[in-house]
Amino acid sequence: MSSSLSALLSGTFYEHGYDHRVEIIHQRDAGAHRRLASLEVALYDKDGALLATPAVDPGLEVLDLGALVGNATSTQERVMVVLDARYDDAIFPYRPHHYAYFHRRGSTAAPLYYAVNAALGGVPDRVGATNINNFETYVFRQQPFAETYSLLLGCLARFVPVQAQVFAYYGSRRIARDVTLAPKCHSEVQLPAEDHGERLARVEVKALFRLLSYVVGRRAGTGDLVLFDHLFTYAK
Amino acid sequence: MTSGAGTETSQQEPGDDILLCYCTMVTLGELRAACRAGRWPLPGKENTGKLCTGCVGDLLYCLRLCGVDASL
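Residue numbers (my numbering), protein chains in the order written: chain A, 1 to 236; chain B, 1001 to 1072.
Read the hints as simulated data drawn from the structure, not as lab findings.
Fair warning: there could be bad hints in the mix.
Interface residues of chain B toward chain A, partial, derived using beta-carbon atoms under 7 Å [claimed, not checked]:
(1) Leu-1019
(2) Tyr-1022
(3) Cys-1023
(4) Leu-1051
(5) Thr-1053
(6) Val-1056
(7) Asp-1058
(8) Tyr-1061
All values derive from a computational prediction rather than experimental measurement.
Every residue, glycine too, gets a C-beta built ideally from N, C-alpha and C.
Please build the complete structure, drawing on both the sequences and the hints.
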């Protein structure tokens, strides 16, 4: 493989019953179809066990996670889907990302679109951005739109566990929680929607290195996802 | 490793092909070889671990295994 290729390790979480599709590359020009040089996919359960490494065509425009996970495993539990891509810089003119869409089959909740979290790579050396960016934050809307909130966190390290701190802010109060994840483990960290009568306003994640992280909101009765978004990085 | 004729040869170790830093494209094998030769950080790869930061934990772990006193 050419050494001029760049690399991107991204991840997301697949939950059973969802139509969930990842747009590997947004094809803007039918006359110049772009494709990754390679794409390897790995599926992990919450304890970090490798469930499968299904073969995928790196030339795919859209990857159907429901079919991929359903064909590769029999699990009904949440699965961390890791996408390991090699690509020529020219195919991602902006910061490299895959994008995705999901909707729970039969749900009245709106479909959600999101940028797939890039946990390793995506910041080429030529950018020169060497501030250590180990704080991430998310500010919630003032009007509640989900009944339950949480963080989905995954550790994409190869050798070492990560210790993270999660801070949830309610007015002038905050609730802190420590989370430790071994390599390839993932966890849903619940964020109470209220504390002492104050609504959840903001959440922060602090870790030595970047985690796979999404802010999640669900309907109380059905658990349908109505929020699925990445956090934002503080620049030091 | 250096052969008797003075030619550089390399012996693959487990995990050498693991891409440690996805931003500077440094593999575990390159890191091991550089540490052995006392040449870490490699020229042009000084920002390894400092860009997306996702590999920092693995990087520090591997450097320490290679005998390099590493910190952020």
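Outcome of the hint check:
Hint status for Leu-1019(B) relative to chain A: holds, with the closest Cβ pair at about 6 Å, below 7 Å. At a threshold of 7 Å, the smallest CB-CB gap from Tyr-1022(B) to chain A is about 3 Å, leaving the interface hint in force. For the restraint placing Cys-1023(B) at the interface with chain A, the shortest Cβ-Cβ distance is roughly 5 Å, inside the 7 Å limit, so the hint holds. With its C-beta approaching chain A no nearer than about 4 Å, Leu-1051(B) sits inside the 7 Å limit, and its interface hint holds.
The beta carbon of Thr-1053(B) is positioned within 7 Å of a beta carbon in chain A (closest approach about 5 Å), and the interface hint is therefore held. Here the hint on Val-1056(B) is kept, as its CB sits about 4 Å from the closest CB of chain A, short of 7 Å. For Asp-1058(B), the shortest C-beta to C-beta distance to chain A is roughly 5 Å, which falls under 7 Å, so the interface hint holds. A least Cβ separation of about 5 Å between Tyr-1061(B) and chain A falls short of the 7 Å threshold, and the interface hint therefore holds.
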